[in-house]
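Enquirer: I would like the entire structure built from these sequences, with the hints used as guidance.
Spelled out, the chains give:
2 protein chains.
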Amino acid sequence: MSPAMHILLAEIRTIVGNTHVLTEGDLSAWTQDWRQRSHGRALAVVRPANVDEVARVVSACAIFLAQHPDSGLSIVPQGGNTGLVVGSTPDATGRQIVLSLQRMSTVRRVDTANLTMTVEAGCILQKAQEQARAAGLWFPLSLAAEGTCTIGGNLGTNAGGTQVLRFGNARDLCLGLEVVTPQGDVWQGLSGLRKDNTGYDLKHLYIGAEGTLGIITAATLKLYPLPKAQLTAWAAVPSMEAAVQLLGLAQQHLCASLTGFELMGQFALSLVARHFDNLRLPPYQNTPFCVLLENADTESDVHARNQLEALLEDAMTLGCVTDAVVAENLTQAQTLWQIRESIPLAQASEGLNIKHDISVPVSAFAAFVAHTDALLERAIPGVRLVNFGHLGDGNLHYNVQAPVGMDAAVFLREQEALVNRIVFDSVLAHGGSISAEHGVGSLKVDHLPHYKSPVALSTMRAIKMALDPNNLMNPGRVLRLS
Amino acid sequence: MSPAMHILLAEIRTIVGNTHVLTEGDLSAWTQDWRQRSHGRALAVVRPANVDEVARVVSACAIFLAQHPDSGLSIVPQGGNTGLVVGSTPDATGRQIVLSLQRMSTVRRVDTANLTMTVEAGCILQKAQEQARAAGLWFPLSLAAEGTCTIGGNLGTNAGGTQVLRFGNARDLCLGLEVVTPQGDVWQGLSGLRKDNTGYDLKHLYIGAEGTLGIITAATLKLYPLPKAQLTAWAAVPSMEAAVQLLGLAQQHLCASLTGFELMGQFALSLVARHFDNLRLPPYQNTPFCVLLENADTESDVHARNQLEALLEDAMTLGCVTDAVVAENLTQAQTLWQIRESIPLAQASEGLNIKHDISVPVSAFAAFVAHTDALLERAIPGVRLVNFGHLGDGNLHYNVQAPVGMDAAVFLREQEALVNRIVFDSVLAHGGSISAEHGVGSLKVDHLPHYKSPVALSTMRAIKMALDPNNLMNPGRVLRLS
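Read top to bottom, the protein sequences are chains A and B.
Those letters in the first sequence? Residues 1 to 482, by the numbering used here.
Those letters in the second sequence? Residues 1 to 482, by the numbering used here.
Just so you know, the hints here were simulated from the structure itself, not pulled from any lab data.
Keep in mind that the hints are not guaranteed to be accurate.
Stated by the list, open to error - Examples of chain A residues lying across from chain B (beta carbon under 10 Å, computed): (1) V85; (2) R166; (3) L202; (4) H204; (5) N278; (6) A296; (7) E437; (8) H438; (9) G476; (10) V478; (11) S482.
As the list claims (entries may be wrong) - Result set (SDA-like, lysine to any residue): computed pairs, CA atoms no more than 20 Å apart in a straight line: (12) A:K127 <-> A:L226; (13) A:K228 <-> B:E309; (14) B:K228 <-> A:E309; (15) B:K228 <-> A:L226.
None of these values were measured; they are calculated from a predicted model.
Note that CB positions come from ideal geometry on N, CA and C, so glycine has one too.
Expert: What follows is the structure, encoded as structure tokens:
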């Protein structure tokens, strides 16, 4: 480490306190990504306690970088480190500071009349959900990592999850932000307003920017009244087209009460059956796809059940559902959700696979899957497809598993590039996105130029260079400057 | 006009056709704003037929401006010219081109399975609503000017209206955009995706930028299933606090079915009674405020009525409603809405007043009104307040009318600055916004620096200079560069 960097670290120690600047010992909790695809090295892990400390740390780094433009210094903001695209861990240079927001975890305020809560970036999603519930309200963002991921990370990556159908992505649940800019200034934008047309919407720019434009330190979030009943149903559908038809029918019947619509392919379910023998699956063997529906009712359990049963009856008459069950109680409902949420782990137990987090318009869903399945089968005979996802949002986790008997590591090494190209080209042809909810990070940064409009990319680049001209904030993530 | 400008105009004529470049005759439909506060002069009114023509016109202007930086040339994008903040009409220099999107009015596609429609910027809002309805779907954006305003203008200004409570502002109804940049490039971002995390959300940057960063030429919009019943109720409430309490109760009872919650002050209603003697108002004389509620039900008329009546019963038991009626039929419902929507015209008939379009958190609503009313009464004894607005969104049209007997023009001339300062200072103190839904335009551009965070303003400025370095697009609107 250069003498100048020593001085910088000493200054940072005076800002956040010696014990909150980690440089030694096992730092892998911060330097290794959740899926363990990347093992980086940090100049230091810095854990500030409040927005003022964040601002002072960033300001010190900004001044240092201006004085030492070739130092390679940069800042990687990090929340719960559960991201899936290697966007919040340092690279191998040892010149990146991991700025962890974990200590900033306070729920600053719940405003029940305004239906908002203001929380710090390091607040774990589940804690935010619980504090809302304690006030009799609902913060509906929900995803598998909710026990570990943080609000700051959720917003930095514009997280999706299972409730997007009704409530939108993380950005749609946010009314205001507090942000530390790459210069170390603080933007106090913690508005609780549902209408504010006084200039460019900066909030939406920072959300989903994955820490490349500044550091989100707190947010004001939307809350909703708690539903009176949440009912879950499981339906067997005879085809992808039928699943799309069922979605349309469910939207007509349930409208805003439809809070979940998850598709699961037969092979994906067979993996759950194989690797989780404690879970009792509803019949799935004789149907290509199953759908999990959730109805969050504002009236009563009886009303929710009547609504859901009327929908399923209609669907069976029309032929888009061949068999269905409605969960009788909370335990049954939880089991159905557990089956859905066990798919990622079940496929991990089956061996490494090539993951995609793609979206297409719902109207192109069936055509996309048919087209891509056929291309892959032709390129790699016997290839197995773990299809599941949030059909209601047009979002599919279209994962590709090696043919039976082929070594998974070899498959990944030899076929990943080809498989990605086939899938991404098909996504593009069907008007879709190669990253629906996980983001870009460093994992997809070099794919983007092939699949995103050059006008969009150059506009993004102009914004990045205007707001962070020295490229201090999370460089090499989302976009490259040269 | 300089010879160079003559050459530019000739080039534009070859792009869009001679008949679509207007330079003579009465151009006031394009050069005068809707409220007739500003009478500008245009170098020309240019009416391109498609995105390609828009791009070529902008490109020609960009090249001209680069060659003639002192020419004062700029472009003012315009839709239906119904804006309220003088943001889409030219200034007095005669060097601004009004680029009217009126000829680009096609609904390009309705995708019923994806619940989206793609429309051109010049499409009138009402036409978009009708085309959605013809497909059995609902485009819920709704506002007084809907027969004249355009989708491009709605998005450029992030329009609000009466359905924000349930569906959000215009930005929340948009999935993708087609935009011509200040360089004359076309960003094809007409995505129908509900999830796309591939970089900065440019769509949200252009929406609400009032044409200062580029020209929106088309958009993909969200559609919803049509409700089975839409019921309207009218409630007398004993205080502002009671109105806020009723809102919370209505949100619990109706959740997403609550699509309207409009507050009207007694004085505002008395103006309607005075100037619209054909309208029969429900009793309002013995109550300080009335509330209009709308319940868009997904089941049936009977269900909607039961829900609404249960809510009102609860509210009367709690004392936050003293009297209420539920419209018996569509005609009655329309009359109730007509009363609400006649307030702006009624106050116009009463004489000029000082208008504000402000928002505060719902939880600060009552305190804001009490505080500001008292300050104004102290400053201008006898001042009359026309309070009405979208309480559900925290948005109030807090308009200030001269005391009885005082000349309205004199009042405006002598008191406007003082009244604005009192109201805006109070808005700021209550965590609100000085422009909730109308935007900034040129009318509020010089207020903004006093009421917006300097960090936000400098970030906005950096973005503007990065994307439009020569300040071609709608200069002097939203923000000043120097």
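Enquirer: May I ask which of the numbered hints given earlier this structure violates, with the numbers listed in increasing order?
Expert: Hints 5, 9, 11, 15 contradicted; others consistent.
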